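Given two chains presented individually in distinct reference frames, assemble the corresponding complex, making use of the accompanying hints.
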Amino acid sequence: QVALLDIDICGPSIPKMMGLEGEQVHQSGSGWSPVYIEENLGVMSVGFLLSSPDDAVIWRGPKKNGLIKQFLRDVDWGEIDYLIVDTPPGTSDEHLSVVQYLSAAHIDGAVIITTPQEVSLQDVRKEINFCHKVKLPIIGVVENMSGFICPKCKNESQIFPPTTGGAEKMCQNLNVSLLGKVPLDPQIGKSCDKGQSFLSEAPESPATTSYRNIIQRIQEYCDQHRFQEEKII
Amino acid sequence: ERSNLAGVRHILLVLSGKGGVGKSTISTQLALSLRHSGKKVGILDVDLCGPSIPSMFRVQDNDVHQCDSGWVPVFVDQDKSISLMSIGFLLEKPDDAVVWRGPKKNALIKQFVADVAWGDLDFLIVDTPPGTSDEHISTVEALRPYKPLGAILVTTPQAVSVGDVRRELTFCKKTGLRVLGIVENMSGFVCPHCSECTNIFSKGGGEELAKHAGVPFLGSIPLDPQLSQSLEEGRDFIQEFPKSSAFPALTHIAQQVLDGTLQRSS
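Going down the list, the protein sequences come from chains G and V.
Note that our numbering gives residue 191 to position 83 of the first sequence, counting from 1, and the numbers run on in steps of one.
Note that our numbering gives residue 379 to position 246 of the second sequence, counting from 1, and the numbers run on in steps of one.
Pulled out of the complex, with its shape left as it was, chain V reads as follows (with noise of 0.2 Å):
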């Protein structure tokens, strides 16, 4: 019997030590910018108490359909060039609290990485909650026979902020999870009124944590306003404003990833 990976290319994690430092911003991004260069993308959301990838592509009312082969993916549009998965499409209500301890959580991650009917993709982008927990042992545990391409840490550039993804990056190296690179998000601010540039978070850990551990610094992403609107409604942000800030470093890192997989198949 075919395995339901079988079809998946390529398999990334997006991990953090840290939490809210957007690492599904990244993996819906990443998502988007990949679609662009004509590839067909998954994102398979292991957040089971916090899931933000339905809503922030505004799919988060759809409901999960079963086939022979197991779960249907959601798919965004009638392009159906990205699919999702995530708890956030199993709950009755979208308030309802997902009260689970590990061992629960760990049966249902090993479902979603069986279970779900991905079909035939480029790319399979596996979103992460903040921590070194349950949810990403099993996960990787789960994709090891799958040989995942790496991991994507991302971090905010201040101290605190990159003291816990040193501790992610011994995840990555005690697990056998090869590390992408490091993304670091939230990397200064540039007022639209003036244009003054405030490092609101600090500036430069990522690249110097990069530089520390000998992993490829994949780029600096500004705090950009537009950004945090699409996410909130669910558009394309990669689409719809080729213009804004953000939107060379995020494209650069999908490019970045691309250029990777061609050397690995080579």
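So that you can see chain G by itself, here it is in the shape it has in the complex (with noise of 0.2 Å):
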């Protein structure tokens, strides 16, 4: 049982990623529905709170904050295996709120994503010792757009070029996971735009075989985290 939060605030991508685009949130007695895909996949985003795709969220951080505790409080997720909180790039209001409202359940970690070039890395390094001030544990870390073979030569191009080692060295140098790399793969965005499940689409794409992959490392080192848990209770 899945929930997806996505508290980027200003530019909400989940709802038109997964197909929900014009989807409004409903009120219960419990609180607000989530939006569910499947039965076993709910998603909630201030996109399904704005009637327009034209509208503008322009807010300062306290009401953004202020939206972020409603999303956390009064949503009725339900029982849930798995929450998924998609964040916006930076380490501010956002960040700070979603660690600081959920201390108490106990968030098990932080997948972050870069780019190879040293222009991301260098930020990511920042989101790094954000996680380490905060106290929160990284997972690992995904280098996304890792390379793009040619769909007529299948000669590999480093469209955004590893010129610092890219994540690999990161990860070394700052003693944190790698999780993997994922290839660029234009079928990625079309899916994405399209609300479909890229999964599903390319189940033969080198980039799927990435996710996959990635999303089992982190399945594992949850399933680790609970049994550490549970040993301590």
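Worth double-checking, as some hints may not be accurate.
What the hints assert, rightly or not - In silico DSS-like cross-links for lysine-lysine, where the CA-CA straight-line distance does not exceed 27 Å:
(1) LYS243/G / LYS237/V
(2) LYS260/G / LYS336/V
(3) LYS226/V / LYS280/V
(4) LYS177/G / LYS243/G
(5) LYS302/G / LYS336/V
(6) LYS344/V / LYS298/G
(7) LYS241/G / LYS171/G
(8) LYS243/V / LYS280/V
(9) LYS280/V / LYS237/V
(10) LYS280/V / LYS172/V
(11) LYS302/G / LYS344/V
(12) LYS260/G / LYS376/V
(13) LYS237/V / LYS307/V
(14) LYS226/V / LYS243/G
(15) LYS237/V / LYS177/G
(16) LYS226/V / LYS237/V
(17) LYS172/V / LYS376/V
(18) LYS344/V / LYS306/V
(19) LYS243/V / LYS262/G
(20) LYS306/V / LYS171/G
(21) LYS277/G / LYS226/V
(22) LYS280/V / LYS307/V
(23) LYS237/V / LYS171/G
(24) LYS241/G / LYS177/G
(25) LYS280/V / LYS306/V
(26) LYS307/V / LYS171/G
Since the hints were derived computationally from the structure, they do not count as laboratory data.
Remember, it's a predicted structure, so these values are computed and weren't measured experimentally.
See below:
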């Protein structure tokens, strides 16, 4: 049973990517109902509260924090195995608030996404430091947009060059796990735009294999975590 | 007392609703192109959490000094035709995270707008983080008395990116910020081995959005590994790679900005 919570208040992409654009949130006696794609996958995003795709959420930090609190407190998720929280870039209000509000619930950890170039790694090192600062465990790092194989000649190009060793080197230096590398595949963007599952649409893609391996490693981490917690209890 | 922005002829903002689309890249290349047209350019980097501008000019290890009128911006070379201000210069260590809530960010942005001694500039380019929040509201408010020329909005071609940039357009409308146009970045990739073009991030979304919103379309920039490499090394792409695939589109954007300002003054 999976819940996906989108706390990117200014740029909520999850509804479109899940094929849920135009859906609205319903209230019940027990709170806000998430929007379900499948029986076992529910989604919440500010996108569902906006009436037009042109609506801008021009809010300062405190108002954003208020909505995030509501999302965590008032959404009737039911019993779930995984709550996945998608965040905007940065180390600011949204990130501080979600860690704070979830502190009692015990977060398993964070998955950090980067692309291979130093310009990206530069910011991701800060994100890693943020996690250390707020005592958020790091499950690992994913290197996205990692190489492109030309569909015609099959040669590989490093469109976003790992000039300083990419995520691999950074992870070694900072002692965090590299969960995997995902290559560029035009089908990924297409599936997201259409709101369809890339993993189902392109099962043979090397990117699908990468995603699945990464997901497995995340599950293994969480299983190990749960086991350790139960031992303590 | 003369304001620090009194000598700045034109102010323009680079915005996007979406992260990772290339705002800092466009800001950097625009500055370099304008410099090559003989202009003096400043870049104000108000991305406090992820300041990319200093390293794109290879001056990330520089310090900022004070003078009587405030902070002295960092010049990228002896030429002194491009100057920068960024929180990147104020960090003790480059990996230090700026974990600030809105009010603290707003305070620094106000200082950045008022207290940098730019001197005389033809253009001040303001590079922003993605979104429509504290940084954006504060920057637009602080710049309002100086009547910015307007904003360039950057998107990649896919619908997911365009979806966020539509909201950024609304932000501009609501805050009275003129939209100079939309740039579609990462628009196609030509394989250097066989010249096959692949639309990795789809194609056309930026141009369609411009048409739909009734704003100028400033052009499509292809994915160009030489551009990425130049940014990694802090090199002057416009000077060193005039034959590279992104060069024509980037210089065309600068030309449209120059043409636009000429129209404005007449």
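Consistency of the hints with the structure:
With a C-alpha separation of about 22 Å, the suggested pairing of LYS243/G with LYS237/V holds against the 27 Å cut-off. Distance hint between LYS260/G and LYS336/V is fulfilled; the C-alpha atoms sit about 19 Å from each other, no more than 27 Å. Straight-line distance between C-alpha atoms of LYS226/V and LYS280/V comes to about 35 Å, which puts the hinted pair past the 27 Å bound. For the hint pairing LYS177/G with LYS243/G, the CA-to-CA distance comes to about 20 Å; that is within 27 Å, so the pair holds.
Among the hinted pairs, LYS302/G with LYS336/V is consistent with the structure: their alpha-carbon atoms are about 14 Å apart, no more than 27 Å. In summary, the hint linking LYS344/V to LYS298/G is supported, as the alpha carbons are separated by about 22 Å, within the 27 Å threshold. With a CA separation close to 24 Å, the supplied pair LYS241/G and LYS171/G stays within the 27 Å bound. Our distance criterion of 27 Å between C-alpha atoms is met by LYS243/V and LYS280/V, whose separation comes to about 16 Å.
Restraint check: the Cα-Cα separation between LYS280/V and LYS237/V comes to about 25 Å, which is no more than 27 Å; the hinted pair holds. For the suggested pair LYS280/V and LYS172/V, the alpha carbons sit about 20 Å apart, so the restraint of at most 27 Å is met. Only pairs whose Cα atoms come within 27 Å are accepted, and LYS302/G paired with LYS344/V is accepted, the gap being roughly 21 Å. Annotation: proposed proximity of LYS260/G to LYS376/V holds, straight-line Cα distance about 24 Å (limit 27 Å).
Straight-line distance between C-alpha atoms of LYS237/V and LYS307/V comes to about 24 Å, which keeps the hinted pair within the 27 Å bound. Taking the CA atoms of LYS226/V and LYS243/G, the gap is near 20 Å; set against the 27 Å cutoff, the hint holds. A threshold of 27 Å between alpha carbons decides the hint, and for LYS237/V with LYS177/G the separation of about 21 Å falls inside it, so the pair holds. Between the alpha carbons of LYS226/V and LYS237/V the distance comes to roughly 19 Å, so the proposed pair stays at or under 27 Å and holds.
Pair hint LYS172/V plus LYS376/V holds up; C-alpha atoms about 22 Å apart against a cutoff of 27 Å. For a cut-off of 27 Å, the pair hint linking LYS344/V to LYS306/V stands: about 16 Å separates their Cα positions. Restraint check for LYS243/V and LYS262/G: not satisfied, since their Cα atoms lie roughly 51 Å apart, outside the 27 Å limit. Proximity of LYS306/V to LYS171/G is assessed by CA-CA distance (about 21 Å); at most 27 Å being required, the pair is judged to hold.
For the proposed pair LYS277/G and LYS226/V, the alpha carbon gap of about 19 Å is at most 27 Å, so the pair holds. Simply put, LYS280/V and LYS307/V have alpha-carbon atoms about 15 Å apart, close enough for the 27 Å limit, and the pair holds. Taken as a hint, the LYS237/V and LYS171/G pair is honoured in the structure, with Cα atoms around 15 Å apart against an allowance of 27 Å. Among the hinted pairs, LYS241/G with LYS177/G is consistent with the structure: their alpha-carbon atoms are about 21 Å apart, no more than 27 Å.
Of the supplied pair hints, the one linking LYS280/V and LYS306/V holds, its CA atoms being roughly 15 Å apart against a limit of 27 Å. For the given pair, LYS307/V sits about 18 Å from LYS171/G by alpha-carbon distance, which is consistent with the 27 Å threshold.
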